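Protein chains in written order, with our numbering: chain A, 1 to 316; chain B, 317 to 742.
Hint data in this document are derived by calculation from the structure and do not stem from the laboratory.
This one's a predicted model, so the numbers in the text were calculated from it and none came from an experiment.
Backbone N, C-alpha and C fix where the C-beta goes; we use that ideal spot for every residue, glycine too.
Just to be clear, a hint being listed does not mean it is correct.
Interface residues of chain A toward chain B, partial, derived using beta-carbon atoms under 10 angstroms [what the hints assert, rightly or not]:
(1) E45
(2) T47
(3) L50
(4) S119
(5) A127
(6) S129
(7) A168
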Amino acid sequence: MKEKIAVLMGGRSLEREVSLRSGERVFGALQELGYRAIALDVTPELTETLRSEKPDAVYIALHGKFGEDGTVQESLEFLGIPYTGPGVVACELSWDKALSKRLFAGEGIPTPRWVTFTSDAFKEMGAASALDLVPAAVGGFPVVVKPTKQGSALGLTKVETAEGLPEALLTALSFGDAAIVEKWVEGTEIAVSVLDGPEGPEVLPPVEMVAKSGLFDFQAMYTAGETEYYCPARLAPEVLRDVEELAASCHILLGCRDVSRVDMVVDSSGRPFVLEVNTSPGMTETSLLPMSAAAAGIDFARLVDRLACSAHGRAR
Amino acid sequence: MGTARVIFDRWDGRYAASMSEVRSSAVRDLFAAASRPDVISLSGGMPDVRRVPHDLVQRAVKQALEHDGATALQYGSSEGRLALRRIIVGLMSESGARATEDDVVVTAGAQQGLDLLAKVFLDPGDVIICEGPTYVGALQAFSAYRPRVECVEMDEHGMRMDALEETLKRIGPRGAKFIYTIPNFQNPAGVTLSADRRRRLIELAREYDIPVIEDDPYGRLRYEGGHILPLRALDPDVIYLGTFSKIFAPGLRLGWIAAPRPIRARVLLAKQAADLCGSAFAQAVAERYMTGTAWRRVLADLTRTYHTRRDAMLAALTEHFPADVTWTHPEGGFFVWVTLPAHLDTKPLLAEAVERGVTFVPGSDFYPAGRGSNNFRIAFCYEEPEQIAEGVRRIAEVLEDKLALYRAFVDAGAMPALAVSGGSST
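Isolated chain B, as found in the complex (with noise of 0.2 angstroms):
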């Protein structure tokens, strides 16, 4: 039987200083708790597995200890299993990105990259610049190490050059220790990077001897338009991030980092001192995954079922969402944002949307601090099109009540109109 006693922790108090600044969004924590079974959640990015046939992974698994038994039980390098990076090179190179076996380091997820990374770079106080909103995951594995974080704002094309520009300038040559970016179906705001922009970017980060980390766990999964070759493809002095959580499963907890050598050996000392090597048996379980049984059958399936909730969710968008609401167009991903007229707080209408049964990610989670307040985050991997469609239909309740006040305001000339009305714009 539940019970509404508190568990404290009698340890407060005893924590490092340096994890101070990690935090869980409390306004997603508060309604997390407050999570019903019926409740429509546009709020997580899960990839899903549901579709990811349980035979294909129950073969890798056999033929994995079958045939790896003896090592895949075993420690492991900590680059990972040799086999398993020749096929990210080969994935790699399937997008245009160059590597060889020796530049990758197999880790627990991109996300342990991220963290590696950060060691690997950042003193308390060094600026690192990324594109605002950008990834939680990405601020919350930087913000152990404590950088000041240069938020660069962004268009339906990916990050502002002329705005990278500026901070550049402003910051000078070597001023930030890395660029962090998501070219691809950005999480959370949906767009992408233009070929003419990746460019520009390598061009910049060359001019200012910046290095660059280019993290692409959705780059696969387009839905429309044509592939856009990576940063990497570009200079292979960037950094780059990959996921086998899209491609395959994020229960396995397998990504990689592709970098130049010299950082490739700082990274590995880092792996190491964190936890010797990644886990030989999910390595070897993927191994099989990717050279035994069809998955490019299933990646094509996910990404048609992606597609789908995709086009869900943008029609209801159109259907639903009042005007002077805009969104953006994802081409892939996972991920619409949205943005309210200015001064509309998202916070508080997310406990209202709650109560209407739809979850979505308030908009200032993914800046370091005071933005994003007009913003939301919403996702179409995991609900069913019917379902996405009826929880845009709610949010669109709780939004239409507060735009009716804002129009109000707009109508009897106390507020200018919104330049943009409806459609999508970032």
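Chain A with its partners taken away, still in its complex shape (with noise of 0.2 angstroms):
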């Protein structure tokens, strides 16, 4: 019999219902993979249910908050349990996207121009007397206004002009105490996943995204037709091999292990910039880790088994 993994899914942040599709999937795979797979939530509960059944290894499918925020990573490190993605440090500096941004820009990968607002810098220093120097700080309108700290979408606005600015803003900051102001960039819009190999970041064939609303936002990503997508994507090769490199840089530079996602947009003269790194991927039907995978040869159940292997072969 093979090792146990525990399929860790659900918990409560606001992207459960995608983890919990991206859990069964995960747990179905590794089922047939032979693993002596279980399902948990995140529960007050979890930590006991770890202790007792003693898994080998945990399958990391939470989304959001607690799951790719080093929460769960700290608490696994803690209990003496190897699991599958990056480790506490990335986690934290891929969920945070100022940090992460501040990254990219400090070792020249390219993103687009920002200003990072927290609620606090509104509430007690004025900052909102300061908006009017947001265009010129980001190079103008369209901008995107997001929360620092959340996956999947959830609470960013496309603003077109000043006036929209403020109510964007408290939209995002509903949703945590921090929210970055990014240039929009026209573009094509990819996701290029990253698979850490024996020799290194093996790059996956990125996916283009084409919503049809236009905006890739959580309603898009999540709902069948909403979306079309190519894989490849349809960028010229040297296109193709720039985005490659991007996105093993920023695995490399943000710390990534066993998988990362990076989100990027290319403008229309091809130059590539980088939006985001995703430390725990989704892994539904319509999910574009798998989608990248398939393209590169690798199908749904022995991605599930690389993930797995590398996290129990780290084992003590």
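Two chains, two frames, some hints: make the complex.
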């Protein structure tokens, strides 16, 4: 009998539903592969259940808060159970878009111009009186306003004019304590998945997303027929090479492990910009990582197997 | 011992497409899972059946068995027991609504009435008109039949007739299968349709030849102001939904439809197909309860209780809720509807509220899609006054934090201030 793997899913994040769908598919694949799989939700009993079940590894199929922000990773480190995906620090850096964008900029990785606002800056320091400086700081409208720490594009608004900025900030700050205002880059939206291989990070064929609404938001992501996908992305060969290199650099820069998904936009001149890095990519029927893997000849079960093997290979 | 194990649905993918649009609220499910005993629930609209004396119910059950045992334990007629339908006619006439026993079908709660009416009237893509926001359970019942829902805005006097007229003009005569309304102490808005507007609603419905469904679960729970005649009193063609859930107990699952004969005949067929007949036993118990006990005194006590709790909630709202937040002033029923400045989203705020030990229902649940994000509903029917006050105080803490942000924008001139500040409005 193969190793016992606990799949963590659900949780109390706003992406609970998505995570349950990811988790169920992963669970099915693990069973097919002959693993002793158990499916666990994030409940007050989780720690006790993990201690009594003693899995050889945990597959993290959680998205959003607690699953992607380093919380559950920190807890599994303490319990001494190896887990899939990046470690605590890489998760924290990726989860906080303001932080990861600073790192990108520092390393010369192209990312759209942006400014970060915390809730406290508005409440305690009168930052709202400087909103007129935003267009100059990011290079004009349109911009995208989003919470710094939230997955699945929740709380995200595209803003065309200065009048819409405060409202979009209020929405974004309903979802967290800080928000970024980022220059909207018109172009091709792509997701580039990276898997660790024996010879370092291996970049999978990028997926291109074309949302019917024009905005790849929560609705577009999880509703069948709302988005068209192209894999590999319809980009010139030299642009494809650029984005693959960029994805690998981001993966390494943030210290990711096993897997990451780097979201980018490529402008009309073929210049890519990195938007964010996801450390727990979705595994649903419409998710991007499985799509990329399939294009590289790695079917869903093999993808799950590969991640599970990396995790239990780290057992002490 | 508890476990964190997840159980999957291995039949997923084999269910009917028509049910795919029937959803419970994802956000509510999320926090239902997280509910702890110390959490004050201002989310549910449960009648306080703890105040219905068990000895009265016991007496009704005993009498039902002694006197009606042979019929109460047997299949009954699809329309319901005649004695109960007579009681229903009496209840309706007390509120001014005319009906005879032959207009009435007893249903498994008014909720089954909603399902049967939708089944009788709706094909996929049909238009229906309702208040925006409206009762979640109605949206759920209707959605299985895949209608297109047109929401009409309300103010403190209920559905706005100018807005209704606009909608009717747009869709034209017979352009909708029905207009669904909760005129008294609306769920979730808490507002009541004024007498003038009731007359206007009937005029418009006649002019555009669209049936009206009047859902009246809370009509007898009035704490202030005078009784307003139901729509059914103004037009016998109105389809009226009533329930024993608020005047007796929801556990019996007893409600009714009073409808014009041809519609009633269709409903009866649908009822037969659905469950043959309702519970004769529950009906016999209700008959005995409504004829052989001091139920009016119990209802008066319940009404006083809810009245006290409503006052506690309104007082707490005035004391604790920040400026820039508005709420409705219900003259009866169970609910208060709260409005935050636009663009503050109440879904993520629920997470913070639960952390502080209180729940509410985010406003987006009460619309078919895309609206109500800056609203929420709170109920005063179930918790004691002290708990209500504490719950409101806890929500206020959550709101204060986000409103400080909103005010920072207003103070800096980045946003216009709200036209209304504090107090009640829709």
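*In ascending order, which of the hints set out earlier in this document are inconsistent with the structure?*
none
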